[in-house]
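Residue numbers (my numbering), protein chains in the order written: chain A, 1 to 136; chain B, 1 to 136.
No lab work stands behind these hints: they were computed from the structure.
Mixed in with the good hints, there may be bad ones.
Copies of one chain are not kept apart here, so a pair can be met inside one copy or by any two copies together.
Claimed, not checked - Dumping the calculated DSS-like pairs for lysine-lysine here, alpha-carbon to alpha-carbon at most 30 Å:
(1) Lys134 - Lys86
(2) Lys9 - Lys30
(3) Lys134 - Lys9
(4) Lys30 - Lys66
(5) Lys56 - Lys66
(6) Lys134 - Lys66
Treat the numbers as computed from the prediction; the structure is a model and nothing was measured.
There are 2 protein chains.
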Amino acid sequence: MDQLRETLKGHHLRTTTCREDVLSTFITKKNALSHGDLEGALGENYDRVTIYRTLKTFLEKGIIHKVLDDEGLRYALCSHNCSEEKHHHDHIHFKCSECGETNCLENLHIPAVQLPNGYQPENFNLLIQGVCPKCG
Amino acid sequence: MDQLRETLKGHHLRTTTCREDVLSTFITKKNALSHGDLEGALGENYDRVTIYRTLKTFLEKGIIHKVLDDEGLRYALCSHNCSEEKHHHDHIHFKCSECGETNCLENLHIPAVQLPNGYQPENFNLLIQGVCPKCG
DNA sequence: AATAATTGTGCAACTTTGTTGCAAGTGATA
DNA sequence: TATCACTTGCAACAAAGTTGCACAATTATT
Ligand SMILES: [Mn+2]
Ligand SMILES: [Mn+2]
Ligand SMILES: [Zn+2]
Ligand SMILES: [Zn+2]
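Sequences and hints are given; from them, build the entire structure.
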């Protein structure tokens with residue numbers, strides 16, 4: 001895939017097979033992935049530590065974003081072009097209690113909230129848990 | 001405190017000093033606490049494992065609820081009377097990037113969201129990060 | 001009040017998850 | 001192809017969470 005190299009280059013990252021494989025895994029499985037998921041998928045090829053560092057790098061560069069969860073952090077691709085400077089998201093995440101998958105609902109964004117005086121909001125994370133269409 | 005015993009009894013739990021102390025810690029510090037926070041506050045009196053088990057018990061009984069976070073789960077008191085059966089929350093959580101505190105905004109509830117067909121929502125978690133009034 | 005049944009605690013041992021330093025390997029550039 | 005900065009694997013470590021079991025504390029029963 002040359003698309004992968006493009007993405008990495010676009011974020012000023014060297015092309016390495018680990019980064020290509022991690023990125024590719026995010027693209028093919030389209031749901032949010034934990035470090036453990038990636039270790040399961042690629043752990044025979046790469047060291048655990050390298051996967052941790054790849055995730056950290058991707059986070060910093062705006063290739064992926066964190067997805068909150070009540071039983072362990074996950075990560076998902078940033079669909080719009082995030083960067084090191086601007087790393088903004090306001091879409092909803094849905095976690096299915098049946099299949100366990102967590103997905104970005106990219107085109108559903110978090111409704112505005114009127115906070116009390118003095119609160120300066122910067123970041124919003126909404127996780128909805130329930131049953132997804134596949135499992136319903 | 002007899003209030004503590006009342007609460008425990010009300011949830012069909014035996015009164016022990018660990019449970020009283022954990023509950024009391026949640027009441028006095030009014031923000032969301034991690035296991036580590038409690039270990040810091042009470043760790044000389046009780047074993048780490050006991051604190052884990054106390055949190056698990058409190059969760060199951062509806063005394064506390066989970067608070068999502070991007071760097072580790074926290075817990076906070078259920079203000080309205082949750083129980084083993086009905087354990088419902090729809091209020092917003094705010095995490096301050098300055099002081100690090102996470103608090104329940106009990107009277108701000110999460111706005112309704114119109115999900116696409118097929119999604120059956122059951123639980124909502126909204127974490128807003130930013131600067132709190134104290135630190136602003 | 002004494003005893004029995006039940007539940008909670010501490011300890012030890014273990015697993016899982018995440019971090020750090022460093023030497024060797026690799027990719028971009030000239 | 002030579003150079004240099006960056007990336008990787010490995011080892012060692014630290015932090016977080018789990019499990020089994022003997023003993024302690026609490027509650028129920030007599
Ligand atoms: Mn997302
Ligand atoms: Mn809360
Ligand atoms: Zn599902
Ligand atoms: Zn603050």
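Consistency of the hints with the structure:
no.: 1; hint: Lys134 - Lys86; in the structure: between (34 Å within a copy, 26 Å between copies)
no.: 2; hint: Lys9 - Lys30; in the structure: within (22 Å within a copy, 47 Å between copies)
no.: 3; hint: Lys134 - Lys9; in the structure: neither (36 Å within a copy, 42 Å between copies)
no.: 4; hint: Lys30 - Lys66; in the structure: both (14 Å within a copy, 27 Å between copies)
no.: 5; hint: Lys56 - Lys66; in the structure: both (10 Å within a copy, 25 Å between copies)
no.: 6; hint: Lys134 - Lys66; in the structure: both (24 Å within a copy, 27 Å between copies)
Figure legend: structure checked against the earlier numbered hints; the only hint not met is number 3.
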